[in-house]
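Colleague: So the protein lines, in turn, are chains A and B.
Residue numbering for the first sequence follows the working numbering, starting at 15 and increasing by one per position.
Residue numbering for the second sequence follows the working numbering, starting at 3 and increasing by one per position.
Simulated from the structure, these hints should not be mistaken for laboratory data.
All residues carry an ideal CB built from backbone N, CA and C; glycine is no exception.
Treat the hints loosely; a few may be bogus.
[Said to hold, decoys possible] Calculated pairs, DSSO-like style, for lysine-lysine (alpha carbon to alpha carbon, straight line, at most 27 Å):
#1 Lys59/B to Lys115/A
#2 Lys115/A to Lys16/B
#3 Lys104/B to Lys11/B
#4 Lys115/A to Lys104/B
#5 Lys11/B to Lys52/A
[Said to hold, decoys possible] So these bits of chain A aren't anywhere near chain B, every CB distance computed over 12 Å:
#6 Val28
#7 Glu58
#8 Ser85
#9 Glu110
#10 Asp114
[As the list claims (entries may be wrong)] Using C-beta positions, here's what the derived DEER-type ranges look like:
#11 Gly5/B to Ser75/A: 17 to 27 Å
#12 Asn67/B to Ala95/A: 44 to 54 Å
#13 Phe68/A to Glu81/B: 43 to 53 Å
#14 Tyr78/A to Gln19/B: 39 to 49 Å
#15 Val28/A to Asp75/B: 37 to 47 Å
#16 Glu70/A to Lys16/B: 44 to 54 Å
#17 Glu81/B to Asp32/A: 40 to 50 Å
#18 Val60/A to Asn67/B: 22 to 32 Å
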Amino acid sequence: AQKVTQAQTEISVVEKEDVTLDCVYETRDTTYYLFWYKQPPSGELVFLIRRNSFDEQNEISGRYSWNFQKSTSSFNFTITASQVVDSAVYFCALSEVSTDKLIFGTGTRLQVFP
Amino acid sequence: NAGVTQTPKFRILKIGQSMTLQCAQDMNHNYMYWYRQDPGMGLKLIYYSVGAGITDKGEVPNGYNVSRSTTEDFPLRLELAAPSQTSVYFCASSYSNSPNEKLFFGSGTQLSVL
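Go ahead and model the full structure; you've got the sequences and the hints to work with.
Modeller: Structure follows, in structure tokens:
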């Protein structure tokens with residue numbers, strides 16, 4: 015069965031610290047997509063990144079980086095030198111080709127203190 | 003760019019009352035979705051629509067109804083509000099229903115049923 019687990023409910027860091035948000039998924043599909051969305055205090059979810067199951071290359075975008083490892087079914091998200099503006103709830107999601115379903119994790123609330 | 007617009011942002015209902023949550027998008031997206039977000043839970047799909055005049059149930063449709071008379075609008079109706087419907091509701095849209103398609107979200111409606 016498909017499942018997305020974000021075991022970290024809440025993380026607090028001080029500005030400039032690096033922080034990693036974990037995401038572990040379960041799927042029987044060989045073709046699937048993984049996403050990260052950010053939900054800032056304003057409420058709306060904002061798309062950050064998607065990755066397909068055949069592309070295990072890590073990706074870096076500014077202070078954000080994503081580590082996709084099929085061997086451990088993980089798609090972790092690292093923020094380098096965190097800033098107060100990074101404070102938000104971050105959701106990992108899985109989309110399977112076979113079921114056409116998008117499954118969200120329960121989210122990780124990140125608080126970055128000045 | 004307006005994107006996806008939801009109204010109202012907050013609402014308190016009494017048990018048994020009815021209301022309509024409004025959602026409009028200006029991106030000419032055919033696909034629209036309603037999700038609910040409960041504390042500590044991921045987003046759950048209530049209903050979705052693949053185009054004007056076509057709607058279908060998601061994971062948690064009971065107690066809700068939708069309509070899609072135009073491409074732009076996708077209102078969600080609660081007929082007999084129950085405390086179990088206290089939640090944050092998100093409308094979203096996408097260009098296609100491809101599994102790798104990203105969603106665009108509204109800012110949410112926080113609903114309390116007392």
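Colleague: Evaluate each hint against the coordinates.
Modeller: Verification of the supplied hints:
| no. | hint | result |
| --- | --- | --- |
| 1 | Lys59/B to Lys115/A | 12 Å, holds |
| 2 | Lys115/A to Lys16/B | 33 Å, violated |
| 3 | Lys104/B to Lys11/B | 23 Å, holds |
| 4 | Lys115/A to Lys104/B | 13 Å, holds |
| 5 | Lys11/B to Lys52/A | 19 Å, holds |
| 6 | Val28 | 25 Å, holds |
| 7 | Glu58 | 4 Å, violated |
| 8 | Ser85 | 22 Å, holds |
| 9 | Glu110 | 7 Å, violated |
| 10 | Asp114 | 6 Å, violated |
| 11 | Gly5/B to Ser75/A: 17 to 27 Å | 21 Å, holds |
| 12 | Asn67/B to Ala95/A: 44 to 54 Å | 47 Å, holds |
| 13 | Phe68/A to Glu81/B: 43 to 53 Å | 45 Å, holds |
| 14 | Tyr78/A to Gln19/B: 39 to 49 Å | 43 Å, holds |
| 15 | Val28/A to Asp75/B: 37 to 47 Å | 45 Å, holds |
| 16 | Glu70/A to Lys16/B: 44 to 54 Å | 52 Å, holds |
| 17 | Glu81/B to Asp32/A: 40 to 50 Å | 49 Å, holds |
| 18 | Val60/A to Asn67/B: 22 to 32 Å | 29 Å, holds |
The structure does not agree with the numbered hints 2, 7, 9, 10 stated previously, though it agrees with the rest.
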